[in-house]
Structure formats: C-alpha cells, structure tokens
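Participant: Each chain, written out:
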Amino acid sequence: MNKIYYIVAEHLFCVEGSESVLELLTNYKPFKTGTGNDALFCLSVAKGEPVNYIEEMRQDEEGQDIVCGHTEQGDAVFEFRWDGRTAGWLVCSAGYRQGTLYLSGFQVKAAIDNALMIQFAMASACMRTALFHAAAVSLDGKGYMFLGKSGTGKSTHARLWIQNLHGVELMNDDNPAVSVKPDGTAVVYGTPWSGKTPCYKNISAPLGGIVLLSQAPFNKIARLNGIGAYAAIVPSISGKRWDSKLADGLHDTENTLATNIPVWHLDCLPDADAAHLCKDTIAR
Amino acid sequence: MKIKKGFVLRTVCGENVIVGEGLDAINFGRMLCLNETAAWLWKQAQESGDFTAESLSQALCGEYDVTPEQALADVNETIDNWSKLGVIE
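Protein chains in written order, with our numbering: chain A, 1 to 284; chain B, 1001 to 1089.
The set of hints was computed from the structure by calculation and includes no laboratory data. Hints may be right or wrong, so weigh each one.
[Unchecked claim] Just some of the chain A residues that point at chain B, by a computed CB distance under 8 Å:
1) E56
2) A222
3) I227
4) P262
5) H265
Here the structure is a predicted model, which is why all the values come from computation and not from measurement. Where is the CB? At the ideal position from N, CA and C, for every residue including glycine.
For reference, chain A alone in the conformation it holds in the complex:
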C-alpha cells in the first residue's frame, strides 16, 4: 500500500491504496504535498465485498445514486451506484476522519472521487469550510460563484464571462470549496472535483460575490439579503444535514456567508448581455 498526501482548501488529507489505484488520481496532482501530520482525514482504497448497512436516505441525480446509511456499529456508509450497478461502499468512522472505500471494480475512478468529496465535505463541515455545487471564476483578484439547480446554466454563465469579459479565469466548474476566515471574510478554492470539465486548479481568491441563477426570457439582477441570501446558499452545499453536528457546522458557515458576502439573484438568458450585466453589478 502506498500513501499520498494532498492539500485542498488548506485541509490536508491522505489517500492510501495500491499503485494502480493511486495512478488514477491525475486530477489530484496539483494538490499533492509531501508527508504531513494531522491530516483532516484519510481514505483507504481496497477491493471488497458488499457492506451491510441500514439505509437512511438516497439521492438520485442523472443516473447516479448515492445511498446513505449506517452499519450496526454506527459507522456512516455511502454506497455509490451508476445505472443501478454498485461501484463501491465508503465506510467512515471517527467523525469522518477514517474512511475505507470498498471497490466493486466497476467505475473505480468515479467511486474514489465520490468518496473523497464526501469525506472532504463531512470532515471539514465543522471547520468553517463548505464544498459547493457551483461554478467559480476569478476576475481582478476576486472569486465569484454561480449557483443554481442542475441544468440552470452555471457552467454556461461562467463560459459567457470567459468569452465576453477581459481577464476572467475559470477556477472550478462544479465543486469549488469555500472557507470562512476568523475575520468573517471568505476564500474560494479550486478543487480536484470539477464535474465534466477538467479544471483542477490549486488556486484561491477572496470571495467577492455569490450569484444564484435562474433561467428567464430576460436579464435582471437583484441583491438578496439576510434570509434570502441564506436560502440561496444552503441548497448549493453538500452535506448530511440530518447529522446535527454537521448541520450546526454548515449553518455557521452559511450564516456567515449570508451576512458578509454580497449575494445576488440573476434572472438570465444564456447570452453575452447576461455576463456584462452580472459583472457590472457584482464586480464594480
């Protein structure tokens, strides 16, 4: 077994597995670091048999199922399935600090990515860090995130910024991380997880704004405040909110973001005007 350490959003973690498994992790290379102490979590990747567990909840998105549950001993279990076929079982203990992924042999890489995203999101939830479902861009040294339900056009809007505005860089196309600092400011980070777009950048920027997108036959932007901002942020963060410890940690992060970071709602067409309107309003 070999072990590799990575740092994502300033959190150290390690992955342990055979050479053939670790060779698959090319998207993690920019985040690789030397040996470290005090890792936030460790994932061990192994071959394995089905894990017995009690189901709590399942999430179904675009042919991919994630079933959450727990073993009789109380360890958290996540089963990953594509088109009804299981790729692996992630079993976590010690507050998500220790994880073992038992692979079935089907969709090996996707199962490892899922396991690491889940462990990262859960283990960092109480450390003022959140893994978002969003696209993130940077401009003039600040980061901006676009939120919205699947299919709303987060990636499209990010692309429109890149194509039509000068100096815009894509930071991440699907799963940027955000951490809240002691002074109440926030920083957005690129991660090894970026959906279908290979954008695995070890970069960060102070978070300058968050935009919730809705499709509309026109372009219009309005500021969301207080509860409206909170309601925009919460559904975009991965978490297991029925675990009250995690829910408390996430609420703390979400409430700080809603209070301190400008949050906007953009009704938009997929056109250049939408990008101009958005940028002119939020990045002045």
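Place chain B on chain A using the hints.
Facilitator: The following block gives chain B in isolation, referenced to the frame of chain A:
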C-alpha cells in the same frame, strides 16, 4: 402536540427561522420565519416535548404581560399556522 422530528430553530442574519434538517424533514424545502414571541413559544414547545395550547399560553402569561385570553388567542393562531405548515403533529 409536539414538534415534528427534524425541524430546527436557527438564527439566520439575526432572525428566527425554522428549517427542516432531519431525515423526516429534509424535503420541507422552505424556511419559516418566526417573530420573537413565536420563537419563544417554539423553544417552550421544544423543551416541554409534549404541549397543548393551554400549557403554552400559561407559559406565555408567565413571561409576557398579557391577559390569559389574549395569550390563548395568540398561541392558538401560532399553533394553527404551524399545524397547517406541517411542522408539528
């Protein structure tokens, strides 16, 4: 009556909000804003576990300067609202 499992009172940007976070409440899909009195009643209801309109209005009279009639009317209105929204049972 009691508060349904999974509903939590949170302070969001200084306001009192009920959100669904537990397994049985995760699909609530909205947030319920409470004024100061309603938030106080929610905490009472949570502490007592099982409550009635009478037990809450008695508690309300002990905390705020209201007549028993007014307290009961306020509590009934609040409970009605919670019941319609499905956060108590």
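Participant: Could you run down the list of hints and mark each one as holding or not?
Facilitator: Structure-based check of each hint:
1. Interface hint at E56/A: satisfied, since its Cβ lies 6 Å from the closest Cβ of chain B, which is below the 8 Å cut-off.
2. Interface hint status for A222/A: violated, as the beta-carbon distance to the closest one in chain B is roughly 17 Å, over 8 Å.
3. Checking I227/A against chain B by beta carbon gives a least distance of about 5 Å; that is within 8 Å, so the hint holds.
4. Checking P262/A against chain B: minimum C-beta separation of about 13 Å lies over 8 Å; hint violated.
5. The beta carbon of H265/A is not positioned within 8 Å of any beta carbon in chain B (closest approach about 16 Å), and the interface hint is therefore violated.
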